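Protein sequence lines correspond, in order, to chains H and C. Under our numbering, think of the first position of the first sequence as 1, with each following residue one higher. Under our numbering, think of the first position of the second sequence as 329, with each following residue one higher.
Derived by calculation from the structure, the hints in this document are not laboratory data. A hint or two may mislead.
[As the list claims (entries may be wrong)] Derived, one-sided and incomplete: chain C residues facing chain H with beta-carbon distance under 7 Å:
#	residue
1	350
2	561
3	608
4	612
Small disclaimer: the values here were computed from a predicted structure and weren't measured. We put the CB at the ideal spot given by N, CA and C, even for glycine.
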Amino acid sequence: MFKRISALVLAGLTAMSVAACGSGGSTTAGTSGGGDSTITMGFSQVGAESGWRTANTKSVQDAAKNAGIELKFSDAQQKQENQIKAIRSYIQQKVDVIAFSPVVESGWDTVLKEAQNAKIPVILTDRAVDSKDTSLYKTFLGSDFVEEGRKAGKWLVEEYKDSKDPVNIVELQGTTGSAPANDRKAGFQEIIQADPKFKIIASQTGDFTRAKGKEVMEAFLKSNPDIDVLYAHNDDMGLGAIEAIEGAGKVPGKDIKIITVDAVKDGMQALADGKINFIVECSPLLGPQLMDLAKKVVKGEQVPARVVTEETTFTQEQAKEVLSSRQY
Amino acid sequence: MRRLLWPVVVLVLLLVLNVFFTPSFFSIEVKDGHLYGSLIDILRFGAPLILVSLGMTLVIATGGIDLSVGSVVAIAGALACLQISQDASVFTAVVLALGLSVVLGAWNGFLVAAVGIQPIIATLILMVAGRGLAQLITDGQIITINSPEYKLIGGGYWLTLPFSVILVIIVLGITAFLTRRLALGMLIESVGGNAEASRLAGIRSRGIIIMVYAFAALCAGVAGLMISSNVSSADGNNAGLWIELDAILAVVIGGTSLSGGRFSLSGTVLGALIIQTLTTTIYSIGVPPETTLLFKALVVTAVCLIQSPSFRAKVFRRRGRTAPPSPAAEEKVRVTA
Numbered sequence: 001m002f003k004r005i006s007a008l009v010l011a012g013l014t015a016m017s018v019a020a021c022g023s024g025g026s027t028t029a030g031t032s033g034g035g036d037s038t039i040t041m042g043f044s045q046v047g048a049e050s051g052w053r054t055a056n057t058k059s060v061q062d063a064a065k066n067a068g069i070e071l072k073f074s075d076a077q078q079k080q081e082n083q084i085k086a087i088r089s090y091i092q093q094k095v096d097v098i099a100f101s102p103v104v105e106s107g108w109d110t111v112l113k114e115a116q117n118a119k120i121p122v123i124l125t126d127r128a129v130d131s132k133d134t135s136l137y138k139t140f141l142g143s144d145f146v147e148e149g150r151k152a153g154k155w156l157v158e159e160y161k162d163s164k165d166p167v168n169i170v171e172l173q174g175t176t177g178s179a180p181a182n183d184r185k186a187g188f189q190e191i192i193q194a195d196p197k198f199k200i201i202a203s204q205t206g207d208f209t210r211a212k213g214k215e216v217m218e219a220f221l222k223s224n225p226d227i228d229v230l231y232a233h234n235d236d237m238g239l240g241a242i243e244a245i246e247g248a249g250k251v252p253g254k255d256i257k258i259i260t261v262d263a264v265k266d267g268m269q270a271l272a273d274g275k276i277n278f279i280v281e282c283s284p285l286l287g288p289q290l291m292d293l294a295k296k297v298v299k300g301e302q303v304p305a306r307v308v309t310e311e312t313t314f315t316q317e318q319a320k321e322v323l324s325s326r327q328y
Numbered sequence: 329m330r331r332l333l334w335p336v337v338v339l340v341l342l343l344v345l346n347v348f349f350t351p352s353f354f355s356i357e358v359k360d361g362h363l364y365g366s367l368i369d370i371l372r373f374g375a376p377l378i379l380v381s382l383g384m385t386l387v388i389a390t391g392g393i394d395l396s397v398g399s400v401v402a403i404a405g406a407l408a409c410l411q412i413s414q415d416a417s418v419f420t421a422v423v424l425a426l427g428l429s430v431v432l433g434a435w436n437g438f439l440v441a442a443v444g445i446q447p448i449i450a451t452l453i454l455m456v457a458g459r460g461l462a463q464l465i466t467d468g469q470i471i472t473i474n475s476p477e478y479k480l481i482g483g484g485y486w487l488t489l490p491f492s493v494i495l496v497i498i499v500l501g502i503t504a505f506l507t508r509r510l511a512l513g514m515l516i517e518s519v520g521g522n523a524e525a526s527r528l529a530g531i532r533s534r535g536i537i538i539m540v541y542a543f544a545a546l547c548a549g550v551a552g553l554m555i556s557s558n559v560s561s562a563d564g565n566n567a568g569l570w571i572e573l574d575a576i577l578a579v580v581i582g583g584t585s586l587s588g589g590r591f592s593l594s595g596t597v598l599g600a601l602i603i604q605t606l607t608t609t610i611y612s613i614g615v616p617p618e619t620t621l622l623f624k625a626l627v628v629t630a631v632c633l634i635q636s637p638s639f640r641a642k643v644f645r646r647r648g649r650t651a652p653p654s655p656a657a658e659e660k661v662r663v664t665a
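Could you build all of it, start to finish, from the sequences and the hints given here?
In structure tokens:
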């Protein structure tokens with residue numbers, strides 16, 4: 001008997017909640033199109049796994065404040081289900097625009113469809129999704145990792161343009177299979193392959209960490225006596241490798257030229273100290289660009305489907321100038 | 329000693345393989361007043377793994393397992409680097425970090441021995457939560473420090489030898505003495521064989537279990553100091569990541585049974601060296617990163633198969649060679665440290 005009653009109650013509740021959802025959906029269009037002066041943005045961050053990510057979060061929060069956008073922020077702690085939950089709650093709260101950095105590439109179609117049905121525009125930041133239906137999001141704002149690799153390659157070609165001798169390069173790759181590792185490798189390769197004097201004599205993953213960067217570089221130094229250039233896919237691996245190079249009695253930046261990507265504080269310090277020769281910036285400070293895009297998207301203006309973060313490169317002289325003003 | 333034959337053969341094969349790709353692999357020279365060479369690298373980078381595996385050996389000997397050592401590695405490094413970055417002395421930092429490690433290990437032991445939670449679950453708690461704790465200590469950032477004294481622990485040299493290797497030798501010596509010259513080793517094995525029977529026989533099983541977990545965490549703490557000291561920075565996210573699995577593998581390769589009741593310290597050291605040599609081999613012969621894991625898996629599978637007496641018996645019998653000693657007889661060989 002009790003079972004039957006509870007089943008009935010449950011059925012009733014379900015029906016009510018379904019109805020509530022339905023009515024919620026129909027009113028959303030009205031509120032978001034109302035042209036209210038303050039924009040509300042729901043932002044779902046990946047987590048706080050690195051200094052880079054923390055700087056990214058801070059940039060978004062500060063930019064929102066400056067742009068007068070009300071920010072609802074949530075940290076997904078590296079879990080996709082948390083992110084989907086956060087996006088659903090933003091849809092229920094009827095925010096004007098949703099922005100998020102997807103933890104993984106796949107599995108977003110359903111929740112993005114829900115946002116689309118609720119007529120809430122979505123902006124991807126920093127990382128892409130692999131949805132076939134690109135109408136599910138308005139734009140993707142983030143770094144172009146291939147271009148970063150190209151910038152690294154171009155500096156190298158320029159640096160050795162007068163030399164006829166072969167240039168032996170070792171490469172410390174990022175985490176195997178990750179987009180930045182694949183793309184930074186490809187971009188670099190694309191530029192240097194034009195000239196046969198550039199040879200990548202060894203290439204291994206250093207998992208983007210200092211400890212692995214050092215360990216792999218130690219092994220490279222022993223198996224390849226003549227290394228001219230090190231290309232590391234991030235600063236941290238480069239910093240680890242510097243220790244290995246010093247341990248081998250060589251001078252980093254002179255005996256072995258070092259190119260890295262990221263431009264985090266420790267990396268910039270090493271660049272200013274002359275231990276790294278060139279850093280390609282991969283900037284987390286995309287907050288201001290994100291807020292501009294958000295305003296345009298909410299107004300219904302057309303935005304490009306792909307917006308690249310404004311990034312630069314640093315030589316040793318430039319690093320000395322900007323070192324004190326770096327935010328991360 | 330017979331049981332260590334196969335791990336030794338594998339280690340030697342790996343080292344010889346390297347010579348084909350890097351002819352100077354065995355050469356050791358003196359650079360800046362310390363030894364320098366590939367073999368030294370293997371010892372240096374293998375030192376943290378050897379330590380963690382030593383602690384793991386004793387835990388496994390009691391029939392337990394400790395999944396939390398990787399997190400303890402991260403916590404110890406993070407706490408020490410945080411202290412040093414706040415101008416504490418290196419001594420204070422090291423004592424605090426190791427003290428916290430022992431407390432965490434004792435907590436594991438308490439959960440296992442006093443509360444009666446299965447070891448894999450009890451230590452899983454700290455494995456997950458500990459990584460969070462390390463991130464809390466470092467605030468999610470990489471703490472970079474500049475302290476020549478701290479650098480000595482994992483990256484420095486003493487009497488031309490890497491200091492980390494000296495540390496390992498000391499810890500190994502003390503452990504071997506305590507467990508093989510004194511009765512402690514036998515007590516641990518007896519608890520691993522049957523904790524309840526041991527208790528009835530008058531052995532303080534609980535105390536011994538808590539002690540081995542605390543020891544495992546202490547070893548992990550020292551390893552954490554080495555890892556962070558080697559790169560002068562603490563990385564709460566990545567330091568010691570998956571080292572518990574490498575340590576368990578090292579213990580198993582070394583011939584310690586996962587069901588507890590017996591252990592081999594020298595086997596564990598060999599196992600850890602095999603794993604580190606394998607890693608170095610991958611770098612120096614240039615296995616592409618995409619196939620690194622597959623290559624490792626193949627070697628480890630081969631090591632495990634060749635160590636299995638029943639597998640060897642089958643293969644050798646099929647080839648019609650003289651029968652090897654029966655598996656049963658080999659199982660009974662007494663363990664020597």
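Hints, one by one, checked against the model:
1. Look at residue 350 (chain C): its Cβ gets to within about 4 Å of chain H, closer than 7 Å, so that hint holds up.
2. Contact between residue 561 (chain C) and chain H, as hinted, is supported at the beta carbon level, the nearest pair being about 6 Å apart and thus within 7 Å.
3. Residue-level restraint check for residue 608 (chain C) holds (minimum Cβ-Cβ distance to chain H is 6 Å; threshold 7 Å).
4. With a cut of 7 Å, the hint placing residue 612 (chain C) at the interface with chain H holds, because the nearest CB-to-CB distance is about 4 Å.
This entry satisfies every hint, going by the numbered hints stated previously.
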